[in-house]
Amino acid sequence: NAGVTQTPKFRVLKTGQSMTLLCAQDMNHEYMYWYRQDPGMGLRLIHYSVGEGTTAKGEVPDGYNVSRLKKQNFLLGLESAAPSQTSVYFCASRPWGSGGHNEQFFGPGTRLTVL
Amino acid sequence: AQSVAQPEDQVNVAEGNPLTVKCTYSVSGNPYLFWYVQYPNRGLQFLLKYITGDNLVKGSYGFEAEFNKSQTSFHLKKPSALVSDSALYFCAVTSGGSYIPTFGRGTSLIVHP
Chain A
1 NAGVTQTPKF
11 RVLKTGQSMT
21 LLCAQDMNHE
31 YMYWYRQDPG
41 MGLRLIHYSV
51 GEGTTAKGEV
61 PDGYNVSRLK
71 KQNFLLGLES
81 AAPSQTSVYF
91 CASRPWGSGG
101 HNEQFFGPGT
111 RLTVL
Chain B
1 AQSVAQPEDQ
11 VNVAEGNPLT
21 VKCTYSVSGN
31 PYLFWYVQYP
41 NRGLQFLLKY
51 ITGDNLVKGS
61 YGFEAEFNKS
71 QTSFHLKKPS
81 ALVSDSALYF
91 CAVTSGGSYI
101 PTFGRGTSLI
111 VHP
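Chains A and B, in that order, give the protein sequences.
The first sequence begins at 1 in the numbering used here and counts up by one.
The second sequence begins at 1 in the numbering used here and counts up by one.
Next up, chain B with everything else stripped away, as it sits in the complex (with noise of 0.2 Å):
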């Protein structure tokens, strides 16, 4: 079985500061992990994943998410957060041979003036 946990309902943060969205799975075998951004009543869009290779993985808007297997986590992360960055945010997680991917609950991201 894979799962996926976000443990923050919401984050807060000031423009222009650095932000981080946690996101921590458990899946067996290798993970393919996602990153997936909806704005106000739209579809989610894709961010970013990682599938193999570098840690660190650079994504749409300036977004990048970093992989660490011992701690088994992804976390979202940018370096200077924009109001425009307000928005809720996916973690995904598939392993090999699976149509499904599991979904967490959602971090609703909000970058204050």
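With the rest of the complex left out, here is chain A (with noise of 0.2 Å):
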């Protein structure tokens, strides 16, 4: 197994451009979720989803977009990229249990730099 992976590790990106993070899993998670990390400010979450079909907020949704058409993937959309939206990137899933027990399995994170 993969695990979760993360493409594209590293990218640089003009201040209005736009973009698209995957992030992909090959353990049948239910749930999904996006991070952004940055200095002192330890993990913030961006969306989340709880299945095919499904997304939600999280903490920080402002300048961010998500799908996810297929279980299996969860895409982070930046229509307009901006210069605060430069951090490490961070997906994570998570098998269905109830009462939210289950540990989180994380990508290995894409470095994102707006100018």
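What the hints contain is simulated information worked out from the structure, not anything from laboratory work.
Hints may be right or wrong, so weigh each one.
Stated by the list, open to error - Listed below are several chain B residues computed to face chain A (Cβ distance under 10 Å; list not exhaustive): (1) 52; (2) 90; (3) 94; (4) 105.
Being a predicted model, the structure only gives us computed values, none of them experimental.
We put the beta carbon where it would ideally sit given N, CA and C, even for glycine.
Put the two chains together into one complex, using the hints given.
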């Protein structure tokens, strides 16, 4: 199993450009998440999904959109990139389990710089 | 609402000495508690979790954590630190029925040779 993979690993954008980050998992997990990690801020949840075809907003959703058309993929889109979106982005997945007691599996991250 | 506090941004310890990374939590209902480790330029990796049962939980790489309900704490410990343990450590909490874990801000562990 590859686990959770993210594409691309690095990207540099100019302000106003758009891009899509792809997260894929091969563990048949129900739940998927997008986080951003900034120095001193820990992990902040952008959007999440509890199943194919469903998405919901997290703590910092502004400027981002997501889609989960297939169970194994969770896409994060930036329609018009801003320098404030310079960050490291992590995707995670988690198997279904009542009560939230299952751990998350994280991808390796995408380092995004917006100039 | 649920929350996690990691009161130390950085912990320094000498190789061979015991280490403790602190975590306290607040949650309605029974907590599910997790520790993750992040090595430089990598994603987070699961270390251990407390769901129920024995308050002392053992995990990967010789780490363990002690759940203390009265103090609402879940401190990460290791009897003898290695230089290779140097990394960023995150504590997280969920509660029954929650899809969304809440993470602490992370503690940087530096083990000196």
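Chain A contact restraint on residue 52 of chain B - CB to CB distance below 10 Å: It holds, given that the least Cβ distance between residue 52 of chain B and chain A is near 9 Å, below 10 Å.
- Query: Does residue 94 of chain B pass the interface check with chain A, least Cβ-Cβ distance below 10 Å?
  - Reply: Where the cut-off is 10 Å and the nearest Cβ of chain A is about 4 Å from residue 94 of chain B, the hint holds.
Does residue 90 of chain B hold up as a contact with chain A if the rule is Cβ-Cβ below 10 Å?
holds, 7 Å
Should the hint that residue 105 of chain B touches chain A count as held when the rule is a Cβ pair under 10 Å?
At about 4 Å, which falls below the 10 Å cut-off, the nearest Cβ of chain A leaves the hint on residue 105 of chain B intact, so it holds.
When each numbered hint is compared with the structure, no violation occurs for any of them.
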